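Build out the structure end to end from the sequences listed, making use of the hints.
One-letter residues, chain by chain:
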Amino acid sequence: MEAFRKIIEVVEWEAFHKDRVESGIRRMLGRVDVVALHFLENCVSCALCKTACPYYYVDEKYSPVNKAEEARKIYRKELTFAGKLLGPLVHARKPGSAEDLRRIAEFAYACTNCGACYVTCPFGIDSGALINHIRTLLTATGRVPTILQAFEVAEISGMYLEIPGLMQAWDEVMKKAAEAIGRELPFDREGAEIMLFPTLIDTLFTPGAVVGAINLLTRMGVDWTLPSKPLGIRPPIATVIGDAEGVKTQLTKIHEYLEKMKPKKVVLVDGGFVYPAMRWKLPTVLGTRPSYTVLHIVEVVHEALKKGGLKVKTTDDKVTWHSPCQLGRRGGVILEPEEIMRTVSKGYRQLPHHGIRTLCCGGGAGMGCMTRDMHEMMGKLLGTSLYDLIGNREKSFLDAAEKRYKLSIKRKMDDIERSEAEIVVTACPVCIHTIELGAQLYGPKVKVLHIAEYLSEHLEE
Amino acid sequence: MVGLGPDLYVFAKETMFQVALVVFVFGVVYRVFRFLLFWRRVVKAQARNRGAGQRILGLFKTFIDPILEAFRHQPLEGLVSLLALHIIGLIPLIFLMDQHIESFNEILPKIGGLSYSILAPLSVPLGLTEAVTSVQQGLTITSAWGPLIIVLNGDVLATLVLIAIGYKVGLRLVERAHGLQHIRLGDFLALILLAGIILFGFTAAHHLWSGSGYWTALGLHILLAEILLMALPFTKFWHFVFGYWYGKLHEWYDLRVTRGAT
Ligand code: SF4
Ligand code: SF4
Chain A
658 MEAFRKIIEV
668 VEWEAFHKDR
678 VESGIRRMLG
688 RVDVVALHFL
698 ENCVSCALCK
708 TACPYYYVDE
718 KYSPVNKAEE
728 ARKIYRKELT
738 FAGKLLGPLV
748 HARKPGSAED
758 LRRIAEFAYA
768 CTNCGACYVT
778 CPFGIDSGAL
788 INHIRTLLTA
798 TGRVPTILQA
808 FEVAEISGMY
818 LEIPGLMQAW
828 DEVMKKAAEA
838 IGRELPFDRE
848 GAEIMLFPTL
858 IDTLFTPGAV
868 VGAINLLTRM
878 GVDWTLPSKP
888 LGIRPPIATV
898 IGDAEGVKTQ
908 LTKIHEYLEK
918 MKPKKVVLVD
928 GGFVYPAMRW
938 KLPTVLGTRP
948 SYTVLHIVEV
958 VHEALKKGGL
968 KVKTTDDKVT
978 WHSPCQLGRR
988 GGVILEPEEI
998 MRTVSKGYRQ
1008 LPHHGIRTLC
1018 CGGGAGMGCM
1028 TRDMHEMMGK
1038 LLGTSLYDLI
1048 GNREKSFLDA
1058 AEKRYKLSIK
1068 RKMDDIERSE
1078 AEIVVTACPV
1088 CIHTIELGAQ
1098 LYGPKVKVLH
1108 IAEYLSEHLE
1118 E
Chain G
131 MVGLGPDLYV
141 FAKETMFQVA
151 LVVFVFGVVY
161 RVFRFLLFWR
171 RVVKAQARNR
181 GAGQRILGLF
191 KTFIDPILEA
201 FRHQPLEGLV
211 SLLALHIIGL
221 IPLIFLMDQH
231 IESFNEILPK
241 IGGLSYSILA
251 PLSVPLGLTE
261 AVTSVQQGLT
271 ITSAWGPLII
281 VLNGDVLATL
291 VLIAIGYKVG
301 LRLVERAHGL
311 QHIRLGDFLA
321 LILLAGIILF
331 GFTAAHHLWS
341 GSGYWTALGL
351 HILLAEILLM
361 ALPFTKFWHF
371 VFGYWYGKLH
381 EWYDLRVTRG
391 AT
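Those sequence lines, one after another, are chains A and G.
For the first sequence, the numbering used here gives the first residue as 658, with consecutive numbering after it.
For the second sequence, the numbering used here gives the first residue as 131, with consecutive numbering after it.
Hints may contain errors.
[As the list claims (entries may be wrong)] In silico DSSO-like cross-links for lysine-lysine, where the CA-CA straight-line distance does not exceed 27 angstroms:
| no. | chain 1 | residue 1 | chain 2 | residue 2 |
| --- | --- | --- | --- | --- |
| 1 | A | Lys663 | A | Lys718 |
| 2 | G | Lys366 | A | Lys734 |
| 3 | A | Lys833 | A | Lys718 |
| 4 | A | Lys1052 | A | Lys751 |
| 5 | A | Lys905 | A | Lys922 |
| 6 | A | Lys886 | A | Lys1104 |
| 7 | G | Lys174 | A | Lys910 |
| 8 | A | Lys921 | G | Lys191 |
| 9 | G | Lys191 | A | Lys905 |
| 10 | G | Lys174 | A | Lys718 |
| 11 | A | Lys938 | G | Lys191 |
| 12 | A | Lys734 | A | Lys751 |
| 13 | A | Lys1003 | A | Lys1063 |
| 14 | A | Lys675 | A | Lys910 |
| 15 | A | Lys1037 | A | Lys1060 |
| 16 | A | Lys1104 | A | Lys970 |
| 17 | A | Lys921 | A | Lys886 |
| 18 | G | Lys174 | A | Lys938 |
| 19 | A | Lys922 | G | Lys174 |
| 20 | A | Lys968 | A | Lys832 |
| 21 | G | Lys174 | G | Lys378 |
| 22 | A | Lys1067 | A | Lys718 |
| 23 | A | Lys917 | G | Lys378 |
| 24 | A | Lys922 | A | Lys968 |
| 25 | G | Lys174 | A | Lys741 |
| 26 | A | Lys751 | G | Lys191 |
| 27 | G | Lys366 | A | Lys938 |
| 28 | G | Lys174 | G | Lys191 |
| 29 | A | Lys917 | A | Lys968 |
| 30 | G | Lys366 | A | Lys718 |
| 31 | A | Lys968 | A | Lys1104 |
| 32 | A | Lys919 | G | Lys174 |
| 33 | A | Lys964 | A | Lys922 |
For the record, the hints were derived by calculation from the structure and aren't laboratory data.
For clarity, every value in this text was computed on a predicted model and none was experimentally measured.
Structural data, given as structure tokens:
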């Protein structure tokens, strides 16, 4: 408890500290490059992006453009002549009160960074990226959800490795996987072809996926290994709260380990933000291209099926594929899972919104962590009552965020209902958790599985 | 007042045109330079290679998808903003109207031996009456649009654009009343400027103000168009020169080329 109190000392939901706001603005504007400048300057306020956003259906004020306006107001005030001269007349304004920060936090935590607005905007403006910039500012001011701050500090400091509740979950999954393949797991082997990279969250949320991935690699007969300890809780978790330095620190640690182990391929189980972070952002953040290629397990399986290195039994399951926004739209892995699913099941059907137009489930970028249940579950694992550490102002923020999150799931569930699928297969632990919650709240009562687990169950004997 | 019309017209056409051109060029240089100031050399991840076919298809989809999405999810907005205001509104009105083709032909330098009048076969007539008469007399062969000029003429297009502007202003007012913070004063000013240009153009084209009033209307039409030209690099109108093209090409390169989204 004491350790956590220290971790979250920086969290501040009540007061307004001008110096922290100024430092947040510097950090936020420090992230503006030529692309972000386009996102900031070239919006024409047409609001064509609004219907793409899961949170727009909760309230029109959560349209991408309306939320991103918070970033634009600050940008105009600090970096444009018109903003400096005319101020509020041209919507140029810096946050000047605790109420301003409250409103900004409400907007910033009504976004999953799904990128649907990016491909819907006629000008290719990624409002989700700007909303992440606002989170940078908020985190610097201390307006950061305690649960996310705790995860970030625990991950970067390596403290998670000493939390019995967490490590027990990891050990149990590894034991199960060893039993499933009937031999010891090949931990920390240098120079293997493939390094499987399960995160701690994979073992907590989707243990079947980790066991499934290990089973698949074994059945492929490839030379593989995996780290004996998780390389992060869900690295780089700092990305969720817009902490660019935290992202760099965590990616550096992971990269150093991977370079030491020298695998040819690093294979992820998590199809959430871990994928674009490792595959697309890591070279830019670290300023170097890694010697290994980052892939998702679905890409490896796709290749193996094509080359005959893996054989599956076909079924008639009424199954669909939910493309996680980070693996599909932002990650580029769209063709592979669809081809696999078509091969496995004759009853496969696409969702009405699929591929790059997949509908976000509403749970990404920390939104799924905003619930009371999640606080209690994580508190138990961390060995502390997280909810008791939180002040009243943050509690009321969380209550509202939880309501928004639960409402945002409805649109995805309607899409699933229209497909008449009975099983939803996907690849992101948060999507799985969110669609399961959606099935309870709104139906249809679908079974939700990670693709590695699903495929592992459909391998030829 | 008698002299104001011709004087205003000459001022707009000569002096102010030079000023507007200088401001426009300065603005473009400033915006591009500013843009480059934010450019940083970074190491990029190795692109996924899905082949030239997917890349070309991706380019097409990048431009077309938002338009289809707009019609699918916000049909009225698609009809008004994209179709009436842009695709069959302002674009032909500004670039293809008979008189504009003539004027641009005079003003713009030839590029590679080609003058602006190359677009003459696509020209649209100024007035509805003129269009109807020419269709009745079977004279539409001068325009590639054929009998379509009944719709594609200055009068109909200007009316469409004015209706679209009226709708946009109304919608923005409602959105503002709902407390949506992204609606700004500049959005209204931009629409009012466009409406002003069209109204004075219409007044001049139909000689609604007689005598020197004709020159006043034409002078104001040109003057407001020059204000638009000067505003282009500094306002949301920049999307037409740069923002749209850069934005879509960047998105294509990022998602479809590098990351391989299909
Ligand atoms: S982000 Fe794009 S779609 Fe959304 S309002 Fe701005 S220009 Fe329009
Ligand atoms: S990234 Fe997704 S959730 Fe965020 S504003 Fe855009 S559409 Fe909405």
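Hints versus structure:
no., hint, in the structure
1, Lys663(A) to Lys718(A), "violated (36 angstroms)"
2, Lys366(G) to Lys734(A), "holds (17 angstroms)"
3, Lys833(A) to Lys718(A), "violated (47 angstroms)"
4, Lys1052(A) to Lys751(A), "holds (25 angstroms)"
5, Lys905(A) to Lys922(A), "holds (21 angstroms)"
6, Lys886(A) to Lys1104(A), "violated (30 angstroms)"
7, Lys174(G) to Lys910(A), "holds (19 angstroms)"
8, Lys921(A) to Lys191(G), "violated (34 angstroms)"
9, Lys191(G) to Lys905(A), "violated (34 angstroms)"
10, Lys174(G) to Lys718(A), "violated (35 angstroms)"
11, Lys938(A) to Lys191(G), "holds (25 angstroms)"
12, Lys734(A) to Lys751(A), "holds (7 angstroms)"
13, Lys1003(A) to Lys1063(A), "violated (33 angstroms)"
14, Lys675(A) to Lys910(A), "violated (33 angstroms)"
15, Lys1037(A) to Lys1060(A), "holds (23 angstroms)"
16, Lys1104(A) to Lys970(A), "holds (19 angstroms)"
17, Lys921(A) to Lys886(A), "holds (20 angstroms)"
18, Lys174(G) to Lys938(A), "holds (8 angstroms)"
19, Lys922(A) to Lys174(G), "holds (18 angstroms)"
20, Lys968(A) to Lys832(A), "holds (25 angstroms)"
21, Lys174(G) to Lys378(G), "holds (19 angstroms)"
22, Lys1067(A) to Lys718(A), "holds (18 angstroms)"
23, Lys917(A) to Lys378(G), "violated (40 angstroms)"
24, Lys922(A) to Lys968(A), "holds (22 angstroms)"
25, Lys174(G) to Lys741(A), "violated (35 angstroms)"
26, Lys751(A) to Lys191(G), "violated (38 angstroms)"
27, Lys366(G) to Lys938(A), "violated (31 angstroms)"
28, Lys174(G) to Lys191(G), "holds (24 angstroms)"
29, Lys917(A) to Lys968(A), "violated (33 angstroms)"
30, Lys366(G) to Lys718(A), "holds (22 angstroms)"
31, Lys968(A) to Lys1104(A), "holds (24 angstroms)"
32, Lys919(A) to Lys174(G), "holds (21 angstroms)"
33, Lys964(A) to Lys922(A), "holds (17 angstroms)"
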